[in-house]
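Student: Residue numbers (numbering that gives the first Met the number 0), protein chains in the order written: chain E, 0 to 538; chain L, 0 to 538.
Keep in mind the hints are simulated off the structure, nothing from the lab. A portion of the hints provided could be inaccurate.
One copy or two, either will do: identical chains are not told apart, so a pair holds if it fits within one copy or between any two.
Stated by the list, open to error - Result set (DSS-like, lysine-lysine): computed pairs, CA atoms no more than 30 Å apart in a straight line:
no., residue 1, residue 2
1, LYS460, LYS360
2, LYS360, LYS129
3, LYS60, LYS129
4, LYS369, LYS456
5, LYS110, LYS331
6, LYS428, LYS60
7, LYS110, LYS150
8, LYS369, LYS474
Protein chains: 2
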Amino acid sequence: MTRERIYLFDTTLRDGQQTPGIDFSVEDKIAIANMLDAFGIDYVEGGYPGANPTDTAFFEKKRTTRSHFVAFGMTKRAGVSTSNDPGLAILLQSKSDAVCLVAKSWDYHVKVALGCTNEENLESIDQSVKAVSATGKEAMIDCEHFFDGFKNNRGYALACARTAYEAGARWIVLCDTNGGTQPSEVREIVAAVIASGVPGSHLGIHAHNDTGQAVANSLAAVEAGVRQVQGTLNGIGERCGNANLVTIIPTLVLKPAFNERFETSIDAEKLQELTSLSHAFDEMLNRSPDHQMPYVGASAFATKAGIHASALLKDPRTYEHVPPETVGNLRKVMVSDQGGKSNFINALKRRGIVVSKDDPKLDQLIGVVKDREASGYAYEGADASFEMLARRILGSVPEFFLVEGYRAMVERRFDANGNLKTVSEAVVKVKIDGEQIMSVAESVHGPVNALDIALRKDLGKYQAEIADLELADFKVRILNGSTAAVTRVLIESTDATGARWWTVGVSDNVIDASFQALMDSIIYKLMKNRDQAGQIAAE
Amino acid sequence: MTRERIYLFDTTLRDGQQTPGIDFSVEDKIAIANMLDAFGIDYVEGGYPGANPTDTAFFEKKRTTRSHFVAFGMTKRAGVSTSNDPGLAILLQSKSDAVCLVAKSWDYHVKVALGCTNEENLESIDQSVKAVSATGKEAMIDCEHFFDGFKNNRGYALACARTAYEAGARWIVLCDTNGGTQPSEVREIVAAVIASGVPGSHLGIHAHNDTGQAVANSLAAVEAGVRQVQGTLNGIGERCGNANLVTIIPTLVLKPAFNERFETSIDAEKLQELTSLSHAFDEMLNRSPDHQMPYVGASAFATKAGIHASALLKDPRTYEHVPPETVGNLRKVMVSDQGGKSNFINALKRRGIVVSKDDPKLDQLIGVVKDREASGYAYEGADASFEMLARRILGSVPEFFLVEGYRAMVERRFDANGNLKTVSEAVVKVKIDGEQIMSVAESVHGPVNALDIALRKDLGKYQAEIADLELADFKVRILNGSTAAVTRVLIESTDATGARWWTVGVSDNVIDASFQALMDSIIYKLMKNRDQAGQIAAE
Numbered sequence: 000m001t002r003e004r005i006y007l008f009d010t011t012l013r014d015g016q017q018t019p020g021i022d023f024s025v026e027d028k029i030a031i032a033n034m035l036d037a038f039g040i041d042y043v044e045g046g047y048p049g050a051n052p053t054d055t056a057f058f059e060k061k062r063t064t065r066s067h068f069v070a071f072g073m074t075k076r077a078g079v080s081t082s083n084d085p086g087l088a089i090l091l092q093s094k095s096d097a098v099c100l101v102a103k104s105w106d107y108h109v110k111v112a113l114g115c116t117n118e119e120n121l122e123s124i125d126q127s128v129k130a131v132s133a134t135g136k137e138a139m140i141d142c143e144h145f146f147d148g149f150k151n152n153r154g155y156a157l158a159c160a161r162t163a164y165e166a167g168a169r170w171i172v173l174c175d176t177n178g179g180t181q182p183s184e185v186r187e188i189v190a191a192v193i194a195s196g197v198p199g200s201h202l203g204i205h206a207h208n209d210t211g212q213a214v215a216n217s218l219a220a221v222e223a224g225v226r227q228v229q230g231t232l233n234g235i236g237e238r239c240g241n242a243n244l245v246t247i248i249p250t251l252v253l254k255p256a257f258n259e260r261f262e263t264s265i266d267a268e269k270l271q272e273l274t275s276l277s278h279a280f281d282e283m284l285n286r287s288p289d290h291q292m293p294y295v296g297a298s299a300f301a302t303k304a305g306i307h308a309s310a311l312l313k314d315p316r317t318y319e320h321v322p323p324e325t326v327g328n329l330r331k332v333m334v335s336d337q338g339g340k341s342n343f344i345n346a347l348k349r350r351g352i353v354v355s356k357d358d359p360k361l362d363q364l365i366g367v368v369k370d371r372e373a374s375g376y377a378y379e380g381a382d383a384s385f386e387m388l389a390r391r392i393l394g395s396v397p398e399f400f401l402v403e404g405y406r407a408m409v410e411r412r413f414d415a416n417g418n419l420k421t422v423s424e425a426v427v428k429v430k431i432d433g434e435q436i437m438s439v440a441e442s443v444h445g446p447v448n449a450l451d452i453a454l455r456k457d458l459g460k461y462q463a464e465i466a467d468l469e470l471a472d473f474k475v476r477i478l479n480g481s482t483a484a485v486t487r488v489l490i491e492s493t494d495a496t497g498a499r500w501w502t503v504g505v506s507d508n509v510i511d512a513s514f515q516a517l518m519d520s521i522i523y524k525l526m527k528n529r530d531q532a533g534q535i536a537a538e
Numbered sequence: 000m001t002r003e004r005i006y007l008f009d010t011t012l013r014d015g016q017q018t019p020g021i022d023f024s025v026e027d028k029i030a031i032a033n034m035l036d037a038f039g040i041d042y043v044e045g046g047y048p049g050a051n052p053t054d055t056a057f058f059e060k061k062r063t064t065r066s067h068f069v070a071f072g073m074t075k076r077a078g079v080s081t082s083n084d085p086g087l088a089i090l091l092q093s094k095s096d097a098v099c100l101v102a103k104s105w106d107y108h109v110k111v112a113l114g115c116t117n118e119e120n121l122e123s124i125d126q127s128v129k130a131v132s133a134t135g136k137e138a139m140i141d142c143e144h145f146f147d148g149f150k151n152n153r154g155y156a157l158a159c160a161r162t163a164y165e166a167g168a169r170w171i172v173l174c175d176t177n178g179g180t181q182p183s184e185v186r187e188i189v190a191a192v193i194a195s196g197v198p199g200s201h202l203g204i205h206a207h208n209d210t211g212q213a214v215a216n217s218l219a220a221v222e223a224g225v226r227q228v229q230g231t232l233n234g235i236g237e238r239c240g241n242a243n244l245v246t247i248i249p250t251l252v253l254k255p256a257f258n259e260r261f262e263t264s265i266d267a268e269k270l271q272e273l274t275s276l277s278h279a280f281d282e283m284l285n286r287s288p289d290h291q292m293p294y295v296g297a298s299a300f301a302t303k304a305g306i307h308a309s310a311l312l313k314d315p316r317t318y319e320h321v322p323p324e325t326v327g328n329l330r331k332v333m334v335s336d337q338g339g340k341s342n343f344i345n346a347l348k349r350r351g352i353v354v355s356k357d358d359p360k361l362d363q364l365i366g367v368v369k370d371r372e373a374s375g376y377a378y379e380g381a382d383a384s385f386e387m388l389a390r391r392i393l394g395s396v397p398e399f400f401l402v403e404g405y406r407a408m409v410e411r412r413f414d415a416n417g418n419l420k421t422v423s424e425a426v427v428k429v430k431i432d433g434e435q436i437m438s439v440a441e442s443v444h445g446p447v448n449a450l451d452i453a454l455r456k457d458l459g460k461y462q463a464e465i466a467d468l469e470l471a472d473f474k475v476r477i478l479n480g481s482t483a484a485v486t487r488v489l490i491e492s493t494d495a496t497g498a499r500w501w502t503v504g505v506s507d508n509v510i511d512a513s514f515q516a517l518m519d520s521i522i523y524k525l526m527k528n529r530d531q532a533g534q535i536a537a538e
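Excised from the complex, chain E in its bound form (with noise of 0.2 Å):
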């Protein structure tokens, strides 16, 4: 039996920037819609261009290879052709493959927000489809409000849907703007739609999450015959949030009620990068993951000690609904490190280091990993850290130089034009082979950098090795409250041979959290160059 497809349509880019406290820059957003593209969305809706800086100069150019790249933007206004709307113009200018334009579908709103007539309303709906169409790029509609609409005026919600179709929309997708519909309203008024003429094919679904439903929205209507999903990666969006499309993926592909009927983009082994994919876009906002969230939470195959935790581990179906490998998930059973164990030599073996099971070190690295990991650490994304923590434990890492200490000072002052002015100062002593070297650094960009330059500046013999020394990332997180907290420092770094690693650094003090990532990241740094001569690192 063949298997519809359902197309799968990411605006994390677009209507994920409406959520409180994110905003991306031109950077951020290809960073996201590479990730987007190389997991295999179908869709990737990057922005409004002309409506912000930001979002114009991201559509200078195409930037996804196989997913198709949508701009968004709003129908023609009112009273003018589409040749002489300009907002249109950008959209048909911009390097899209498709453009979707919002449409307002309930009447009050085309009444007090467009100010227009009801006809006219659809007229620009015909209007605009058809001039994206002419352009060679994929035209799509957003119905606003569309359930809202549809409960108020159920012929005129119609009609516009009807309209966009008639008119050569590739897909017309019912947006629950304000998330306030239920699953059974969502089947009913799909079901209603489709009998009106625009065939399930040509249907979409964009929902937000504002009765904790958007998930159970979107496969409703899947289940009553839209063939397009709208979400954004882990369900950020604006108040409640968007649908996720990280819970819906999963489920479309893993549950029979779903995979026996439909399929998607994204197959067996793509999924397995779920949870990682989840991961790197949290690790992007900066954020801790939600411990919770269906398939890819650290808690999500988690259990507890006691009765379920001994049947899971006779029959891991006895309480799991999925394996957790399917989603590159990990089971966790609190009672008993038994899949701890094996999770860490399938990590040292991953970095060329061989550890037998009944090795008295490796229990001795899991219990300070796990003090650490308790302290404040986060192995998971420090993998150079943890690589070296490791070797020292398990075998040797060289010394190659002893930092005696460091000072790191701020000042702000006015000087002597009466501005206020901030300077920053750092001094570090290192002993190389028993000699002591010390280095002074001045930096406008605050101590850290200070102490940057100042360790970096003279390492002895070594400095010729750590030239092509750079740092790509530096993220900070407080770990609790108050300026007391312990804060976590993650540095990532690369070099010219294009490694790249993360280490990690702890310390209720800043500036020592920071000082121990770089510190970490040179001697990796100096350890990577010496396996690399002796052909020892594995891969």
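Assemble chain L onto chain E, guided by the hints.
Tutor: Positioned in the frame of chain E, the structure of chain L alone reads:
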């Protein structure tokens, strides 16, 4: 038309206790039971007396006044009589109004976990229910794995439910223990149970959130006929959590799809306490509330975009699915670089600052906010900094004191005993009424803490006024990579009046960014004290 009653059953204290990282003490349980009782939940399940000392102690007294107080446990073991089962004896003797017994309803589990025959399990259900009823307590059965059991052996799952009903159980609760069942399956299976002879008036639903549909599954079961809904506060629970009662209750009370047919113990007035109930519970768990939680989240009625915001001001119904005050929440129209003029006017109005749309100072303010947001400030999360900026531009903020400069130092060195030691010191110079005050402080918690202590150590004539100022939270965000990155610091402050305010600082120097936010917090506190004294503040 009379509406049918839906009974609310809270299992925060029992199934919620399975949440990784959550362990309630007896005192915690007493406090939470009081909250649930006062709010008006029908059933409060307190735990499993006999399973651990906490729960045993908790059931030494009845802990609710209005709510039914429920003890959880297992049906009697096979091969012993109810009077010879020590686990059951503890339940019968507990100071509860009702006993909820978990029973296997998937034949696979009967064999693997209980190791008895299917018939013996049915007999355990029958005898255990009768034993509970004989004590005068209300008897309920949680049919564990009911939905998975039904799919594997429909006849046996139905036999379990029917046996409990015929033995006199007040409630037979259908549990989606593994959390993977889809709403359409819930509908079908509930209908089949009712068709098999167990009336909906005796059925309950217990859903887990493993596919993000615990709320939808619960509501689908209600539509299909069940009349008791089990869940937890804020959706805590094993793995991805239980059904969130804080989301389900307002949907049942406010949505026509439900309130036209059903009623609950929570009336419109009680519902207004929902947001504070949810936040108080998070406070007890010492965690930040989820901003995106439906109905009660800080962002649940927050709007960022310009066009949406201006429509919202004209008629809130246009972008709100329910009025925020119905659940005790607040509308928030946020300032951000996506916002238009109407956002600003509204944001200012809520702070008692009236400004005309045509005032050129308003344009100046918008310009400054946009410039600052482009350089990394985030005023939407820093209401106090926004208010001060606005007052500075539109009116005036007194210059309480002038900071002439500060110096912060971090030193890491080996102490006399050869141990690495990190110490921080800060000096702050302040001028008040022409007089210079210089304060110095040390901290083992880093330079920001030292600065904070020094700054608040001596503010001359203002010192008494800031005595009750406390820093509640401190967040650092790096806005782009490398150690020369721009850093944004957000600080949450509070004082003895219970007020909370957020301030922001941005700099490429983390110390300087923190200093700005600290300064803003103190100045806001001084300004606020004067507003209250002079009754200037407007709401």
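Student: It remains to establish, for every hint, whether it holds in the given structure.
Tutor: Against the structure, the hints come out as follows:
1. LYS460 to LYS360: neither (33 Å within a copy, 60 Å between copies)
2. LYS360 to LYS129: Classified as neither: same-chain Cα gap 69 Å, cross-chain 44 Å, threshold 30 Å.
3. LYS60 to LYS129: within (24 Å within a copy, 72 Å between copies)
4. LYS369 to LYS456: neither (35 Å within a copy, 38 Å between copies)
5. LYS110 to LYS331: Between copies, since 25 Å is at most 30 Å while 55 Å is not.
6. LYS428 to LYS60: Answer is neither; intra-copy 48 Å and inter-copy 52 Å both fail.
7. LYS110 to LYS150: Answer is within: at 17 Å inside a copy they meet the 30 Å cutoff, but 51 Å across does not.
8. LYS369 to LYS474: both (22 Å within a copy, 25 Å between copies)
Against the hints set out earlier in the document, violations occur for numbers 1, 2, 4, 6.
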